[in-house]
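Enquirer: Below are the chains, spelled out letter by letter.
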Amino acid sequence: MKVEVRVYPKEGVLDPQGRAIAAALGRLGHAAVRDVRAGKVFFVELEGNDATAAETEARRMAEELLANTVIEGYDVKVVGA
Amino acid sequence: MKFAVVVFPGSNCDQDCYHIARNLLGCEAEYVWHHDRDLKGADVVILPGGFAYGDYLRAGALARFSPVMESVARFAEQGGPVLGICNGFQVLLEAGLLPGAVRVNRGLRYVCRDIYLKVESAETPFTLLYEPGEIVKMPVGHMEGNYTAPPEILAELERERRVVFRYCDADGRVTDASNPNGAEHGIAGIRNPEGNVVGLMPHPDRCSEDLLGNTAGRKMFESVVSALAIR
Numbered sequence: 001m002k003v004e005v006r007v008y009p010k011e012g013v014l015d016p017q018g019r020a021i022a023a024a025l026g027r028l029g030h031a032a033v034r035d036v037r038a039g040k041v042f043f044v045e046l047e048g049n050d051a052t053a054a055e056t057e058a059r060r061m062a063e064e065l066l067a068n069t070v071i072e073g074y075d076v077k078v079v080g081a
Numbered sequence: 001m002k003f004a005v006v007v008f009p010g011s012n013c014d015q016d017c018y019h020i021a022r023n024l025l026g027c028e029a030e031y032v033w034h035h036d037r038d039l040k041g042a043d044v045v046i047l048p049g050g051f052a053y054g055d056y057l058r059a060g061a062l063a064r065f066s067p068v069m070e071s072v073a074r075f076a077e078q079g080g081p082v083l084g085i086c087n088g089f090q091v092l093l094e095a096g097l098l099p100g101a102v103r104v105n106r107g108l109r110y111v112c113r114d115i116y117l118k119v120e121s122a123e124t125p126f127t128l129l130y131e132p133g134e135i136v137k138m139p140v141g142h143m144e145g146n147y148t149a150p151p152e153i154l155a156e157l158e159r160e161r162r163v164v165f166r167y168c169d170a171d172g173r174v175t176d177a178s179n180p181n182g183a184e185h186g187i188a189g190i191r192n193p194e195g196n197v198v199g200l201m202p203h204p205d206r207c208s209e210d211l212l213g214n215t216a217g218r219k220m221f222e223s224v225v226s227a228l229a230i231r
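Chains as they are written, first to last, in this note's numbering: chain A, 1 to 81; chain B, 1 to 231.
Hint data in this document are derived by calculation from the structure and do not stem from the laboratory. Even for Gly, the Cβ is constructed at its ideal location relative to N, Cα and C. You may find that some hints are simply not true.
As the list claims (entries may be wrong) - Covered by chain A, per the in silico footprint, the following chain B stretches (three or more residues, Cβ under 8 angstroms): (1) 74-86; (2) 100-109; (3) 143-151.
Said to hold, decoys possible - DEER-style ranges, computed between Cβ atoms: (4) Lys10/A x Glu131/B: 37 to 45 angstroms; (5) Glu194/B x Val41/A: 36 to 44 angstroms; (6) Lys10/A x Phe65/B: 21 to 29 angstroms.
Bound conformation, chain B alone (with noise of 0.2 angstroms):
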């Protein structure tokens, strides 16, 4: 089982991704440049966080002409799991890979803290080892997360269970309080409608592991592996 992780000029959390599949999980795992268009063999595709092409113009705006994109979208296109986490999240709305976009948070500032999240799809590859329902902590860090959809999305979204993840308390409340940036519906993570695309702008790669006092985000990684093994 092999990850791809996807390293842009700017890319910040490409070695948290690539130490969770490799030292964690024993998985292989390549990086893949953002000016190559060989994805290596890999089974996933990780698009990480950080700041991709130094979030000029707007935050994923210009990764997405990257070579690299085409090949990720040939990929998704042919069910390959792809999961983009915070500035890979951005990325995939800016492919259009996923639909919306997301907005400077509605306090203008970056937010970098501990949140609390509601698995509402549990269908996903990303997140077949979640509880439906469950609430998990995981931090944010982001300035643009505050995400939109034209109403007629957002209501397709619903119906069709493709909001994965949505801010809530630690009793798993969905109210403005909780909301870290305000991110209409309180979205935190969606997919596609075939569900194999998955993106979100909390860090579960900063939650994966005991040393980092929290292994929320885990399950997330080792979600993709039952499903690959399944498949």
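Just chain A, with the same shape it has in the complex (with noise of 0.2 angstroms):
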């Protein structure tokens, strides 16, 4: 199974790369940006052919490695077989 887990700073803690690249999109002219939060993304390649415990797995993965979830928020999505 494939599975993206999405990372990326919670709504309201300070993001100091997310506010330097809105600031720069505004240098460029792109007036209507209003924020910007960077994060990350892991492509994660399971064995297995589960959606259900492919999820699981993945949402245990962020919990306790992929993301530091005193700062950070995740989401994960099965993407494929």
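Take each chain as given, in its own frame, and dock them per the hints.
Expert: Following this line, the structure appears as structure tokens:
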């Protein structure tokens, strides 16, 4: 199974990278940009073909390692077999 | 009295700490490789600065899963003094031995310079030789030192006087300008509730002998020697 895990700064947690990117976009003329938060995506391939099991396992990976849940949120999506 | 200095792949201040313990303080010192579980009978454990596991994913995130960290956690639980310096502090945060997390510096740059610190708690084994409120100059060198924690944890740290060092100016004023990385409440170092686990972003190991032009950090190492002698 192919799973995508997105990890990003929690709402309300200062994100210096996102803020710098937002400022740069503004300088490039993207005047409509209000805010940017910068995160990461993990493309994980798992053995087996049980989508529910894959999602559960990916959530555990996020909790244990991929995200620091003090400052980061995450979501998990099964994207293919 | 024996120091254990943990060596992760990518640690780069391990030799400094070993040198201080052995050559400046005349204590025994042992390196402990990240794959080892045996702390070699150490009385104090130092997690040194550097870039453990390349700081991949997040600073300290992978190091916390190394076998040695199980032993360090057990040692800490039994009251053994543990000091995390810079990257070592980041490892302690990721391992949950200290609360909170560090983000990228607010200036988005690696900060490498001398800063001033106020000693907020002289009640830990690593700070007992400092005067409470003493102002000390120490170098910092980090990209992720922007400390944060949920509001209730920050309140708890303040209430229980668990902030050990706070960034300040030369006169001891805690100002935004004297904060090198944007850390909440100007927090440079904290301790656990028991006080035996201390972590800080600045580098006492880089200011512990006259040759380096500053000896302000040496008292951290001398403090733990005194603390263990008393115990």
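Enquirer: Each hint needs a verdict: does it hold in this structure or not?
Expert: Right, here's what the structure says about each hint:
Here the region 74-86 of chain B counts 0 residues with a CB under 8 angstroms from a CB of chain A, which misses the bar of 3, and the coverage is violated. Judged by the Cβ-Cβ criterion of 8 angstroms, the region 100-109 of chain B is covered by chain A as claimed, because 8 of its residues qualify and three suffice. Coverage of the region 143-151 of chain B by chain A holds in this model, with 4 residues showing a Cβ closer than 8 angstroms to a Cβ of that chain against a need of three. Restraint check, Lys10/A to Glu131/B: a C-beta distance of roughly 39 angstroms satisfies the suggested window 37 to 45 angstroms.
A C-beta distance of roughly 39 angstroms is found between Glu194/B and Val41/A, which places it inside the suggested range of 36 to 44 angstroms. A beta carbon spacing of about 23 angstroms between Lys10/A and Phe65/B agrees with the range 21 to 29 angstroms that was offered as a hint.
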